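Colleague: Protein chains in written order, with my numbering: chain A, 116 to 447; chain B, 116 to 447.
Careful, some of the hints might be misleading.
All copies of an identical chain are treated as equivalent in the list; a pair is satisfied when it fits inside any one copy or across any two copies.
What the hints assert, rightly or not - Only pairs whose alpha carbons sit at most 20 Å apart, straight line, appear in this in silico EDC-like list of lysine to aspartate or glutamate:
#: 1; residue 1: K447; residue 2: D197
#: 2; residue 1: K345; residue 2: D362
#: 3; residue 1: K438; residue 2: D408
#: 4; residue 1: K418; residue 2: D274
#: 5; residue 1: K345; residue 2: E375
Hints in this document: simulated from the structure, not taken from any laboratory.
None of the values given here were measured: they were computed from a predicted structure.
There are 2 protein chains.
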Amino acid sequence: MKLHVLAASIVAFGISATVAVAQSNEPIQVIKPPSQINLGMVELGKKLYFDPRLSKSGIMSCNSCHNLSMGGTDNIPTSVGDKWQQGPINAPTVLNSSLNVAQFWDGRASDLKAQAGGPIANPGEMAFTHTLALGVLESIPAYVREFKVVFGKDKIDIDQVTLAIAEFEKTLVTPNSRFDQWLLGKADALTGDEKAGYKLFKESGCVACHNGPAVGGASFQKMGVVSAYKANDKMEGRSAVTGKDADRFNYKVPTLRNVEMTYPYFHDGAANTLTEAVDTMGRIQLGKKFTADENAKVVAFLKTLTGDQPSFLMPILPPSSDKTPRPTPFSK
Amino acid sequence: MKLHVLAASIVAFGISATVAVAQSNEPIQVIKPPSQINLGMVELGKKLYFDPRLSKSGIMSCNSCHNLSMGGTDNIPTSVGDKWQQGPINAPTVLNSSLNVAQFWDGRASDLKAQAGGPIANPGEMAFTHTLALGVLESIPAYVREFKVVFGKDKIDIDQVTLAIAEFEKTLVTPNSRFDQWLLGKADALTGDEKAGYKLFKESGCVACHNGPAVGGASFQKMGVVSAYKANDKMEGRSAVTGKDADRFNYKVPTLRNVEMTYPYFHDGAANTLTEAVDTMGRIQLGKKFTADENAKVVAFLKTLTGDQPSFLMPILPPSSDKTPRPTPFSK
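Bound-form chain A, shown alone (with noise of 0.2 Å):
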């Protein structure tokens, strides 16, 4: 086992050895702690991750629409864009992202470093270049330090940039849920309504789709198995990457981490509840009425994978430089 720095994840991976047997037999594994972390890395991607200036308007960070104060996501239907733009889908969760087979609803990017620059250069999200945005980082002194002693070079380039968002993101995860302590051998984590949920989860398919230590995240399904899901927006999902039209309104399965935070739900973020989301899944991709009875205790089970959230100070940023760019918030 290689050496753990990061306090929780000490913490949550402390009795894992012993039980080992336990969890094997289950579809949902504990999350394991990041390993093979650059922490030099990591406290400089934290800068960024909170770094307005990377957008246009000076006022929108990647920590705008994966708000790590509340479950790495906004907690809206769509995100809101530079101008006050509605986004086209549900922003997804940060925590636990490195996790997923691919990053975005639809998989185009394929890690979080091909993910990370996405949001900087897009008209409707941060509405910036990644050369303005290398040109703000290269005009302040202490960025530049920085990067020098991370990275080992003279000159700030977007992979490096999108390399250290991405070491951070990979901390972002979320081990020592009740469901965790439970799947180490700690019996009475759960209560009765909740082991019972987990029954139901598993019994009614649910976990077909959301297995693996993120409770899904693994693959890309179909919105609207058993009978059409009538989406909120547009969106094609993954055939828009694919080009195939097996691929319409497949959508990468999200994970079900701290899902009691990450409402509202589904890619068009149609649903508040859990209740409702539960209740649409079980009709449109299972063909099951689940009655309140059985959705009351599947969402007691839900509630138990929320997990310790990210917890690090405050990053304080580097200001300006009279030669940085300012932000143009009101131009076009």
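Take the given structure of chain A and dock chain B to it, following the hints.
Modeller: Okay, now just chain B, sitting in the frame of chain A:
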């Protein structure tokens, strides 16, 4: 002396007793750490300060415009409000704001508690109402419990909300700047140029308004004493509060603490750099044209006023319940 519980305060305060004579000779005094702080109220207030559910849109918090990663400001000339409305005036820093004689540029709020309720209900800022904000808080079980622990009452009211936010803001002082270290007797804390800049700052008359622990914040003064200031806005300043014609274009003298981080400068945010701000102030307030060398020395002194920034764990906000009214970022 009271027991000071905040770590940053202890560091700054450790050596003050031995050099009390030295600082009493100067028109600028060291920042005293906050005392009589209610830590339960601070922790609650910190959550509220970061909670965007106090806005109509669900995406704006106190920290949006008074960003504690960026000197307690948003570093743009005027802020962005609900629906991307352009604010009328530059967002002043929240850092050390407890030292101000009154709050807002025109002093219309007598203290931090009175200020805190303003932006929540301002249609051009967070665009919510106090009643709606209280409805949100009352629907979140973890908030209901925390308010009860802190205030001992069964119902949350707006006084509790603004008291808690103000209590958190009282902790946002920035002790231990290099200038404070020099005031406290560390002779080599400043360079020769920085000391020369401070001498110029005093002898040119800047210190007539920018004095005391906050290096400002203690009085209202006319913007444009010697020659008129051509503002980028139509604000009239203190007269909007007093109704007196003599108070037109009078504004609260801003603090110069951390001024390296709180660009752009003036109530209209028109000055991008300290060089520009010092030049303008010299001309229109003092009738003095600083030479390039003098200006550079004053700027060097001003940069010694950057203190220890508030250091705290990013708060984790309690999730909404099924009963919580949802934000409406895109509705009228």
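Colleague: Pop the pair K345 and D362 into one bin, within, between, both or neither, using alpha-carbon distances up to 20 Å.
Modeller: within (17 Å within a copy, 60 Å between copies)
Colleague: State whether the alpha carbon distance between K447 and D197 is at most 20 Å within one copy, between copies, both, or neither.
Modeller: The answer is both: 10 Å in one copy and 18 Å across copies each meet 20 Å.
Colleague: Using 20 Å as the alpha carbon limit, work out where K345 and E375 are close: within a copy, between copies, both or neither.
Modeller: neither (23 Å within a copy, 52 Å between copies)
Colleague: Could you figure out if K418 and D274 sit no more than 20 Å apart (CA to CA) within one copy, between two copies, both or neither?
Modeller: Neither. Shortest intra-copy (37 Å) and inter-copy (33 Å) distances fail the 20 Å Cα cut-off.
Colleague: One pair to classify: K438 and D408, alpha carbons no more than 20 Å apart. Within, between, both, or neither?
Modeller: between (63 Å within a copy, 19 Å between copies)
Checked against the numbered hints listed earlier, the structure breaks hints 4, 5; every other hint is satisfied.
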